[in-house]
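S.K.: Could you build the full structure based on these sequences and the hints that come with them?
Residue numbers (my numbering), protein chains in the order written: chain U, 91 to 282; chain Y, 91 to 282.
Hints listed in this document are in silico derivations from the structure and should not be mistaken for laboratory results. Treat the hints loosely; a few may be bogus.
Listed next, the in silico DSBU-like pairs over lysine-lysine satisfying Cα-Cα at most 35 angstroms (straight line) [to be verified]: (1) Y:Lys157 / Y:Lys175; (2) U:Lys175 / U:Lys157; (3) Y:Lys175 / U:Lys114; (4) Y:Lys224 / Y:Lys184; (5) U:Lys114 / U:Lys157; (6) U:Lys184 / U:Lys200; (7) U:Lys224 / U:Lys175; (8) Y:Lys175 / U:Lys214; (9) U:Lys224 / U:Lys214; (10) U:Lys157 / Y:Lys114; (11) Y:Lys114 / Y:Lys157; (12) U:Lys175 / Y:Lys200; (13) U:Lys214 / U:Lys175; (14) Y:Lys184 / Y:Lys114; (15) U:Lys114 / U:Lys184; (16) Y:Lys114 / Y:Lys214; (17) Y:Lys214 / Y:Lys200; (18) Y:Lys214 / U:Lys114; (19) Y:Lys184 / Y:Lys214; (20) U:Lys175 / Y:Lys224; (21) U:Lys157 / Y:Lys224.
Pair by pair, the computed Cβ-Cβ distance ranges are [stated by the list, open to error]: (22) Y:Ser173 / U:Ser164: 35 to 43 angstroms; (23) Y:Lys157 / U:Ile153: 28 to 36 angstroms; (24) U:Glu248 / Y:Glu248: 49 to 57 angstroms; (25) U:Gly261 / Y:Asp230: 21 to 29 angstroms.
Ideal Cβ positions, reconstructed from N, Cα and C, are used throughout, including at glycine.
There are 2 protein chains.
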Amino acid sequence: MIRQGVRNENVCIALLHSHVYDRKGRVSVTSIANMDIHDIARCARTYGVGRFYIVTPIEEQRILAGKILRHWQSGYGSVHNPSRKEAFSLVDLKGDLGEVVEDMVLRFGKEPRIVVTGARMAGKTFPAASLREKILAGSDPFLLLFGTGWGLAEEVVERAHYLLEPIRGTGEYNHLPVRAAVAILLDRLWGR
Amino acid sequence: MIRQGVRNENVCIALLHSHVYDRKGRVSVTSIANMDIHDIARCARTYGVGRFYIVTPIEEQRILAGKILRHWQSGYGSVHNPSRKEAFSLVDLKGDLGEVVEDMVLRFGKEPRIVVTGARMAGKTFPAASLREKILAGSDPFLLLFGTGWGLAEEVVERAHYLLEPIRGTGEYNHLPVRAAVAILLDRLWGR
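M.R.: Structural data, given as structure tokens:
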């Protein structure tokens, strides 16, 4: 059931732990959550995403997360659970969004088109199906940005080329975990 | 953006911690993972699901999980984070699938139609869109069963009335977290 013609290698995900809001709407920095690494890596691998960047300006957090990554990439975890190794092979740590863009330029030869999505998006947004068409239409790399905490700060949203429509359920409740939002967006892009 | 006419109150989710496979294909019992409670409760609330049952035969696990539930349902967590309280109001603990069915009979006046989904499904399966039609068409309650570990054991799959097609990405890798599988299935059912 491999679908030919689906080009996702040039689509990457970044999960931001700074430039995000806290519960009171203040721009803040969050801690890396171990479950985010696992869940988003597994979803990224399932849907053929090129790279999953975990972004935090806090060096100690990158050091700690680096140990976790190595456990699954090349340590005991990689032997114990080969499918987890496969997922973690996509994961990389960066200090800020600029470093992510630099890495993508090295990999793909040009700057990515930045896509943001979030429960709080206002203004003109478009559906996942349109993004899929844009990805298929050209040779541009794409970077899907997700925020931890209470979502991406305005300063990051302003850097985006595309605003995706927020994921809504059946009512007004919009407190999906970021892990679920990533899974749902990837499925809306490529999941059938 | 409330969608009228969507009837999900009669659809419930159960997450099984027994009658599931371990990595070696043996039927086994798993531990409750705190993140499963949070993520699935939030997704259930987002998509208007009636009830989320956490099922384990181990009493000590139910006692521990019960403390976590009360923290968010009525303890400090419910004040600190009202949206989490709203999600946790859907969560209930049961000892086995029979207790879940009993509770649904009390709530809905008849036994639920049981739906299973999983990466390993074989045989005749049907897509989420067909399930949505079946839910809308009648007055039956539905129970969506999910397995922890390496998925639902055959003995549970045999009790199901409907097999949903497995969630596939773009290739052969099929190791989604159960949290992601729930999010994706709910979105496929009601998410647009």
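S.K.: The structure should be examined with respect to each hint, and the outcome stated for every one.
M.R.: Verification of the supplied hints:
1. Y:Lys157 / Y:Lys175: holds, 14 angstroms
2. U:Lys175 / U:Lys157: holds, 14 angstroms
3. Y:Lys175 / U:Lys114: holds, 18 angstroms
4. Y:Lys224 / Y:Lys184: holds, 26 angstroms
5. U:Lys114 / U:Lys157: holds, 32 angstroms
6. U:Lys184 / U:Lys200: Distance of about 18 angstroms is within 35 angstroms: holds.
7. U:Lys224 / U:Lys175: It holds: about 31 angstroms lies between the C-alpha atoms, which stays within 35 angstroms.
8. Y:Lys175 / U:Lys214: holds, 32 angstroms
9. U:Lys224 / U:Lys214: holds, 16 angstroms
10. U:Lys157 / Y:Lys114: Holds, because 27 angstroms separates the two Cα atoms, which is no more than 35 angstroms.
11. Y:Lys114 / Y:Lys157: Measuring from Cα to Cα gives roughly 32 angstroms; hence the hint holds.
12. U:Lys175 / Y:Lys200: violated, 45 angstroms
13. U:Lys214 / U:Lys175: Since the Cα atoms of lysine 214 of chain U and lysine 175 of chain U sit roughly 39 angstroms apart, the hinted pair is violated (cutoff 35 angstroms).
14. Y:Lys184 / Y:Lys114: Status holds; Cα separation ~26 angstroms.
15. U:Lys114 / U:Lys184: holds, 26 angstroms
16. Y:Lys114 / Y:Lys214: Judged against 35 angstroms, a Cα distance of about 25 angstroms means the pair holds.
17. Y:Lys214 / Y:Lys200: Holds, at about 26 angstroms.
18. Y:Lys214 / U:Lys114: violated, 49 angstroms
19. Y:Lys184 / Y:Lys214: At roughly 30 angstroms apart (the allowed maximum being 35 angstroms), lysine 214 of chain Y and lysine 184 of chain Y satisfy the hint.
20. U:Lys175 / Y:Lys224: violated, 39 angstroms
21. U:Lys157 / Y:Lys224: Judged against 35 angstroms, a Cα distance of about 48 angstroms means the pair is violated.
22. Y:Ser173 / U:Ser164: 35 to 43 angstroms: holds, 39 angstroms
23. Y:Lys157 / U:Ile153: 28 to 36 angstroms: Holds - the Cβ-Cβ distance for lysine 157 of chain Y and isoleucine 153 of chain U, about 33 angstroms, lies within 28 to 36 angstroms.
24. U:Glu248 / Y:Glu248: 49 to 57 angstroms: holds, 54 angstroms
25. U:Gly261 / Y:Asp230: 21 to 29 angstroms: holds, 22 angstroms
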